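Peer 1: Given next are the chains, with one letter for each unit.
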Amino acid sequence: MRKQRIPKIFRTPITADTLEKKILRRIFADSEKKFLTSCLRKDKQGRFLLRPELTKEELKRLKKLSISIKKNRGLLVSWKAGILAAVLIITAGFNYFLKNSLLEHAAERALQTVFRAAADMEGTELSLLKGRIGFSHLTIADEDQPMFNLIELGKTNLFLDTPRLLSRRIVLDEIACREIRFHTPRTESGALPHIADSEKQEGSGSEADGAISGVKNMGLEIGRESAERLLRDYRDSLQAPELIESIQDRSVSIQTRWNERTDQTETEIEDLDTRTRELMEEDISSIDTVQEIDAYLKKVDTLRTAIRDTRQSFNKTYDEYQDDSRYLRDSRESVESAVEEDLRFLKTAAGTFGSDAAGVISAAARPVLRDHLGSLYTYGERIIRIYKRLSGASEEKEGRFTGKRRAGTNVTFPYREYPAFLIKSFEASAGSQGTGNFSIVRINDLTGDQETWGKPSTAFFSTNQPFSQPNPEPNSELSSDLMIDTRSTSRDMMNSKTRLSGLPVEISEGLDILSVRSLRADSDNIFELNLQPDLSGTGKADINLSNILIDYSDTESVIGGALSGILSDVETLKINAAFTFENGTLQDLDLTSTIDGLLNERIGEYTREQAEKSAREIETAFYDYIGEELETNDALSEEISLQGKELLENIRAAENLEKALDERREALREKAEKEVEQQTQDLKEKAKEGLENIGKDLKLPGF
Amino acid sequence: MISLIAKLIAALNANSRPGEVAAGFACGVLLALIPVGNLLWIGLFTFFFFFKLHLGTMVLTIAVFKVWIGVTDPLIDWLGLWILQRPALEALFTWVLNTPVLPFLRLNNSLVMGGFVSGFLLWTPSYFLGRILVLLYRRRIRDRIASSRLVRFFEKTPLLRKITKAVRKAAAVYEGWSA
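Residue numbers (the working numbering), protein chains in the order written: chain A, 40 to 742; chain B, 236 to 414.
Bear in mind the hints are in silico, worked out from the structure with no lab data behind them. Note that this is a predicted model, so its numbers are computed, not measured. One thing to keep in mind: the hints can contain errors.
Said to hold, decoys possible - Cross-link-like lysine to aspartate or glutamate pairs, in silico, EDC-like; alpha carbons within 20 Å at most:
1. A:Lys-102 <-> A:Glu-92
2. A:Lys-72 <-> B:Asp-308
3. A:Lys-698 <-> A:Glu-709
4. A:Lys-710 <-> A:Asp-721
5. A:Lys-73 <-> B:Asp-378
6. A:Lys-60 <-> A:Glu-92
As the list claims (entries may be wrong) - Derived DEER-like restraints, expressed as beta-carbon distance ranges:
7. A:Phe-136 <-> B:Gln-320: 48 to 54 Å
8. B:Ile-240 <-> A:Gly-487: 54 to 60 Å
9. A:Arg-421 <-> B:Trp-358: 41 to 47 Å
Beta carbons: idealized from backbone N, C-alpha and C, even for Gly.
Bound conformation, chain A alone (with noise of 0.2 Å):
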């Protein structure tokens, strides 16, 4: 039998304070206590050292009480600190020790596998907490050209606000790669040694490809199991085929039937209608008998009687027809109440359909999963149930606790809402800065919810790598400002600023109008265009051109000579042009140049230089043509100044005319006159004589 040891803390002698501090003290139960100070004894200096004689009980009890005593010491638990701490120091340790090598080296391995090349990082670094990975530099080479880098790229990082993908938003805050340049020049060789190693990869995805295509085979396999087992189950819910079927089989059964019926009622009525003809055919007046006249009258009574049944039998026949008909009437009714049914719970059914397909596929997948994954498809379902099962009691329990409580309210505060997807900053450059070959791209806040997000998107390119190659303009450079605002509050929805600086123009098409076979000039351009969301704006260009050479193709020319008359002293000519624009299209167009001035100045002088002498020409042909115009003149003066003297003259005489025969017209009235007053004294006379004539004839009183 193994023997008892000692605990190791009643193993050396014990001073009294360490025994009441550090043993005493710890432990709470006074039989403990007792049994503990009755196995101690003191030593010659004062010390407590356990007794010799102690039995195996009492050895192992205080073993028991010397764990407590180490239990009760300290306010953490050891172990759960321990498991802890080595957590931390793990976490720590690889994350600084291997985490990066490690990347690195994972990443490696993966570009060489899609660039079958070699591909060097440097500098890799990686933090969860920061959300951040980059690397210092890094080199991929060319499969084709082993000695060139296919790409190199400098520093490189990508910054993740990783908490915000607990709120299910990617936010980037940076990403920035620099210093890109391609087809740079190796040391050494980028060729991958172990080439056969790749084709020995292709083997094995050959064999990830049976693979495949056999996983292929089981999700059809699965799939039209799954469908028609989905099927069989809807078919089973309705309630209109098995409803039509039975009432399409007693249609038939009716329609046998009345087919008969009516092959009998028509029988029926031929039969009436023969034997009718025939009793009419008879001649009533050929029966003389007592007997005869019954007999006939008989026929007619039992044919009367026989109509009479058929007619009740038709009757009957045709109620029988009417219950038949109104069933197939009623059928009808409930056949449609019965699809309106069906197509209302096929309606609830394509809402499910969903679950149900997942629920019928995952039932027919079972056996063909189990077949093709043996055990392992068996633990699977086993922990597939003990989730469920540990779920869902976690589910009862808490909601046993929850639903007892209220819900609380939920006090708003302001809170800054982040889009689903956001960039905060990108860069990539290419090239280094100073050495007159550098190009840079920045993107900032580029999101499609810039509402939540409540700032535009910009963007920033520059370069100055040289626009002509032949003759690299060393100080050129393009540089372009692009705003995008597609909030609803925005005024502008794009701005954009372009910058284009000792760009080298070349024109030599276009201007033969002109008398000018080319022009050449650098060119510093600003252009600035403003869009709103209704497709109209605002633009403007600064261009600014120096040296300036023009090749005249005809200085002979009136607008070729006044052009390089012209332009021979303008060394910078500066273009401003304003233009508004609405639904895409250009509105107006105002061009203002510093040449402008001068344009005006010399044409003011050509324009006045051949006014003048027009003015000449002009006045000394008016004075020939006058002259000739003035002796035409005189001649008709003469010619019509003798005509004007005839008229007088014709004049005159008329008066004289008229004068005359008004002195007659006067002596002919006066004489008109005389002979008017003679006449009337002479009819005076003979009225005087006549009325005395009469006096005396009448002999009148008073008269």
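We have chain A already, so just place chain B on it with the hints.
Peer 2: Leaving out everything else, chain B in the frame of chain A:
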């Protein structure tokens, strides 16, 4: 549940520190007052897990108090709402809500806030109350119960025997219990 009760009985009767059980009780009260399903509750539970407090007591207290804690909801709700509506604390709560991860604490909920504050305030009284009760039990009641006829009778019934077994298994320290 039986296991939890057994562990509690074992702790009460074993040579465990009264503060451990009392701390388990106080932490249980605190966690019972806070509604579950938020990071605050999980965080506090995890935090307590590393300390030398009696987890059985804590879980048992949570289970028992959770059943009845709904009665105090109006008071907790009022307290939480009162705290959340203090203008002086608005900046703090805004910061909490806008700081990553912290919104999962759900401190803007009146019941969570009220439960947390009231549980925090009640922690010390609960601790001392628990401690006193443990000491009282150990000094006055334990020996009487241990030697009572009832216990001896219970020890013969299968269910109680199971509990006793569990207690012994869990504690395995105190020798005078079934002696």
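Peer 1: Evaluate each hint against the coordinates.
Peer 2: We went through each hint and held it up to the structure:
1. A:Lys-102 <-> A:Glu-92: 16 Å, holds
2. A:Lys-72 <-> B:Asp-308: 45 Å, violated
3. A:Lys-698 <-> A:Glu-709: 17 Å, holds
4. A:Lys-710 <-> A:Asp-721: 16 Å, holds
5. A:Lys-73 <-> B:Asp-378: 15 Å, holds
6. A:Lys-60 <-> A:Glu-92: Violated - the C-alpha atoms of Glu-92 (chain A) and Lys-60 (chain A) are around 26 Å apart, more than 20 Å.
7. A:Phe-136 <-> B:Gln-320: 48 to 54 Å: 50 Å, holds
8. B:Ile-240 <-> A:Gly-487: 54 to 60 Å: 57 Å, holds
9. A:Arg-421 <-> B:Trp-358: 41 to 47 Å: Given about 43 Å between the Cβ atoms, the range holds.
Checked against the numbered hints listed earlier, the structure breaks hints 2 and 6; every other hint is satisfied.
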